[in-house]
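Undergrad: Spelled out from the first residue to the last, the chains are:
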Amino acid sequence: MTTLNNPQFCSNCLYDNKHPFGLSFQEGVCSGCFTHSEKDTINWGERESLLVDLISQTRKNKKSHYDCVVPVQGDAEDYYVVSKVLALNLNPLIVCVNDYYMNNIGWHNLHNLITHFDLDSLVYNPEINTYKEMVRTTLRKLDHILWPSIALKSSFPVHIAKERNIPLVVWGQNQAIEQVGKFSHTDSVEMSKWSRKEHDLFGYDVDKVIGSGAQIDIRNLNYYRYPNIKNLGHSKVKGIYLSNYFRWDPLYQNKKSVVQGFVPQHNSASFDIYERAGSSVYYEFHDLLKLQRVGYRKVRDQLSREVRHGRLDRQSALELENHYNKSEVDISGFFNWLGVTKSGVEWFVSKRLPKVKHLIGSSENKICQLPADISGLLTNSDEPTREFVLFGKGVSL
Amino acid sequence: MIDIIDVGCGNIQSLTNILTLLQVPSRAVNSPNQVKSNTIILPGVGSAGPYMDKLKESSLDQAIKKHHSEGKRIIGICLGFQLLTISSEEDGGTECLGLVDAQTEKIGSNQLRNCSHTGWEHFQIDTEYFNAAECQAQLGLTRKRKLKGRVFYNHEYGVCSTSEDAAHLEIPNKMYAGYSSMVVQKNLIGIQFHPEKSQVTGLNLFEMML
Amino acid sequence: MRVGASILLKNGYCYQSYGWNRFRPLGDLQTAIDILDEYEVDEILIVRPIKGVDSEDSLNIDLKLLSELKTITPLSFGGGIRSNSDINNLSGLPIERLCLSSAFININEGFVKNAINSFGRQAILACLPITLIDDVICVYHSEANELIKLSDEIQEFCMQYADEIIIIDMSNEGNNDYFQMDLLEHLKIPLNKIIITGGVGKNIIRVAKSTGIASSIIENRVLHSENSIDYFK
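Residue numbers (the working numbering), protein chains in the order written: chain A, 1 to 397; chain B, 398 to 607; chain C, 608 to 840.
Take these hints with a grain of salt, some might be off.
Said to hold, decoys possible - Each pair of labels, with its calculated beta carbon distance range:
| hint | chain 1 | residue 1 | chain 2 | residue 2 | range |
| --- | --- | --- | --- | --- | --- |
| 1 | C | Lys840 | A | Pro7 | 37 to 45 angstroms |
| 2 | C | Tyr838 | A | Ser350 | 51 to 59 angstroms |
| 3 | C | Asn721 | A | Ser350 | 52 to 60 angstroms |
| 4 | C | His793 | A | Gly28 | 36 to 44 angstroms |
| 5 | B | Ser428 | C | Tyr838 | 35 to 43 angstroms |
Said to hold, decoys possible - The calculated SDA-like cross-link candidates involving lysine to any residue, where the alpha carbons are at most 20 angstroms apart (straight line), are:
| hint | chain 1 | residue 1 | chain 2 | residue 2 |
| --- | --- | --- | --- | --- |
| 6 | A | Lys84 | A | Ser188 |
| 7 | C | Lys720 | B | Glu486 |
| 8 | C | Lys720 | C | Lys677 |
| 9 | A | Lys208 | C | Lys677 |
| 10 | A | Lys62 | A | Ile42 |
| 11 | B | Lys503 | C | Lys795 |
| 12 | B | Lys462 | B | Lys571 |
| 13 | A | Lys298 | A | Gly261 |
| 14 | A | Lys230 | C | Ile836 |
| 15 | C | Lys800 | B | Asn570 |
| 16 | B | Lys451 | C | Asn724 |
| 17 | C | Lys840 | B | Lys571 |
| 18 | C | Lys809 | A | Asp53 |
| 19 | A | Lys255 | A | Ala87 |
| 20 | C | Lys795 | C | His748 |
| 21 | B | Lys571 | C | Asp641 |
| 22 | A | Lys342 | A | Lys62 |
| 23 | C | Lys677 | C | Arg728 |
| 24 | A | Lys39 | A | Tyr66 |
| 25 | C | Lys840 | B | His519 |
| 26 | A | Lys326 | A | Tyr296 |
| 27 | A | Lys18 | C | Leu636 |
| 28 | A | Lys230 | C | Lys795 |
| 29 | C | Lys816 | C | Tyr768 |
| 30 | A | Lys208 | C | Asp641 |
| 31 | C | Lys677 | A | Tyr66 |
| 32 | A | Lys256 | A | Leu139 |
What the hints contain is simulated information worked out from the structure, not anything from laboratory work.
Since the model is a prediction, treat every value here as computed from it, not as a measurement.
Just so it is clear, CB atoms sit at the ideal spot from N, CA and C, and this is done for glycine as well.
Looking at chain A on its own, in the form it has when it is part of the complex:
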């Protein structure tokens, strides 16, 4: 096992032992690459059969019109998940949490998802003043602007499942497995409070994040907290990850969503036009903060994924990462949304973003050549025309 203080790099992908989920190494190869190699040896037909059995077991506890809750945000992966859920003859309730960061592409993709598949859906629009105060707090304490939305997105669908006696919550990929191989696919890990706190919320819960000083009425924080797990157990609500039962290949899967009406979004910080398309911050300020926090940008996750899928060699991946790392980030939209003055932004940039402020700007990154195996899975993509669309509240704040 590696010592955390000594940097260690995987000889296959681009990850090192500083990955926030943790990595272990054996003969120079990381646990993520090792677990990825299972995808080529697992009998996926058997895994699907296991899933079908599991579903029939949960149906015995069904007290609702719906078989499952599917948490979505209108991402390309959601199209794939919903397709699979319907193919399994499940009747889903689609649940979305509005993170107030979506642009016009994001709203189109969400509404198109619900329309194309003709699904029952709920969109939760959290109390915005509390939400913005949470964003201010997590930006200040954790260098993170997505933490509040992640807290809600990983909790609200579970509350709905419990409240409405829906026995199953169906998630797409298990990031801890796909990125760092934290478990084997065959461990069939399920959704849990522990996993949410460890992987989604980086060890924090809402009470620890608030601490003292945040101007928040705790009565507004109900859905930021995970349901009581004993009550969840009594309700027999279970959460599963489809990536444990189907061979998961995001770029290949996500391309298919285009024929279903999904609109990919061009961004200069990555080649991946599908993942988190429709967000005003994901490849902008959030990406910059990720670099500050963990030392790399989102594109490393995507490039490592493509190396593991055999569409890219490590050297090419390094060169591409180098290229995309130069991409500048426009943070003004976010701070306008948050209501921070110009001088406030200047203070923040000089005091809190010293290592990454050279990347703040709006210059376009040069286009780079991608290997055919990757470019062949990409389609045309759009640019957003409206950012931070506060759809669902109808007020100008």
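Start from chain A and add chains B and C according to the hints.
TA: Structure of chains B and C alone, referenced to chain A:
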């Protein structure tokens, strides 16, 4: 403020953790002049002989007896409970503090192959148990009157209490019949199990006792 | 019978182990312990998986983490505790029981007695990771980083000085429900002094309960699903 006796062997951290969880301030004390609170806790992980030696070396044994004679509260946990008795068979025989009219002896009978008690047992108590022994809670942490749950034991020696002045609960397991689970005697509470590691039941018990 | 959970800790981080050979990351110790408290496991065993020489820095990192740990569940700890100064460094930690392996395999009576003086005999666990090779039970000697025959002397020493003995099925560690119960038939240790771990699952627990085993410890699997302990019990 709760004073926790610290002679360098004992599970102090677990106790301070649970008291912090209950928002009850506490401090570790290792000399007589530091003992100032109305309630002291004598924790216990270790062995009677060396522990008593350390209490004597630091004169904390006298401080504890003085504390008791002044009518202030003592809570002894596990080995700490055993040290409140008259004597223990451990380490070839150890003279203890003599504050509880009871003896500590090695668990065992002809039937018992494994002569230690490690595991969870049912536990049930009513606040009347403390009130009747004039050992009411002082901090008002809970209005709970009845407690039912499970508690964790890990001991090789057990207390056989014969005092008529004390109220005592027996370990509710016929393999350990005759040994005390808990003894309450005026301003003194002796607990054989580990309430600080007995999860929710332990938390609730501390709330009811303190 | 108690049903507990084990966590591997090294250099301040938690891991999962598969087949005594491969490690996967697990995460933050306090986060894992918090959920095990909530699951109300009967006990938690934290082990430092040391193979061969330990590092003082590594031990200090782990002890510091333990000293800050908050839990209301009985905790046992071991791995790399090989000297009297190591024993001294454990005082004040929020642990109820101490797990020793090399000391018992080496039949180091003086060291074990010192541990008993500090913690009490009821708090001493002997840890024997075993496997069957050509019908001979072998135990993994962590200090020497090698497998040796598990002699009768070692077992008798364990029975004399340890309150309970942890038997790890090395080959099935991390696997679901594959613990080889017939390994126990090769041992002289009475079942009510044994804690089993290494491929413990629901069926194994059911069998272990019926045989009078003291405790079953689930390794990686306990965090793989919500309220798993209820399922296992």
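Undergrad: Verify the proposed pairing of A:Lys255 with A:Ala87, using a straight-line Cα cut of 20 angstroms.
TA: Between A:Lys255 and A:Ala87 the Cα gap is close to 18 angstroms, so the pair holds against 20 angstroms.
Undergrad: Tell me if the beta carbons of C:Lys840 and A:Pro7 are separated by a distance inside 37 to 45 angstroms.
TA: holds, 42 angstroms
Undergrad: Would the hint linking C:Lys720 and B:Glu486 be met if the CA-CA limit is 20 angstroms?
TA: Answer holds: C:Lys720 to B:Glu486 is near 18 angstroms, not above 20 angstroms.
Undergrad: For A:Lys298 and A:Gly261, compute the direct alpha-carbon distance and say whether it is at most 20 angstroms.
TA: violated, 25 angstroms
Undergrad: Check whether the Cα positions of C:Lys840 and B:Lys571 lie no farther apart than 20 angstroms.
TA: Given that 20 angstroms is the threshold and the Cα spacing comes to 23 angstroms, the pair is violated.
Undergrad: Quick one, are A:Lys18 and C:Leu636 close enough, alpha carbons at most 20 angstroms?
TA: Holds, because 17 angstroms separates the two Cα atoms, which is no more than 20 angstroms.
Undergrad: Does the hinted range 35 to 43 angstroms hold for B:Ser428 and C:Tyr838 at CB?
TA: violated, 50 angstroms
Undergrad: B:Lys462 and B:Lys571: Cα distance at most 20 angstroms?
TA: violated, 34 angstroms
Undergrad: Tell me if the straight-line CA distance from C:Lys809 to A:Asp53 falls inside 20 angstroms.
TA: holds, 19 angstroms
Undergrad: Starting from the hint 51 to 59 angstroms, judge whether the C-beta atoms of C:Tyr838 and A:Ser350 obey it.
TA: The hint (51 to 59 angstroms, Cβ to Cβ) holds, given that C:Tyr838 and A:Ser350 are roughly 53 angstroms apart.
Undergrad: Measure nothing beyond the straight line between the CA atoms of C:Lys677 and C:Arg728; if it is 20 angstroms or shorter, mark the hint as holding.
TA: At roughly 24 angstroms apart (the allowed maximum being 20 angstroms), C:Arg728 and C:Lys677 break the hint.
Undergrad: Compare the distance between the alpha carbons of B:Lys451 and C:Asn724 with 20 angstroms, and conclude whether the hinted pair is satisfied.
TA: holds, 12 angstroms
Consistency with the previously given hints fails for numbers 5, 8, 10, 11, 12, 13, 17, 21, 22, 23, 24, 28, 29, 31, 32, ordered from lowest to highest.
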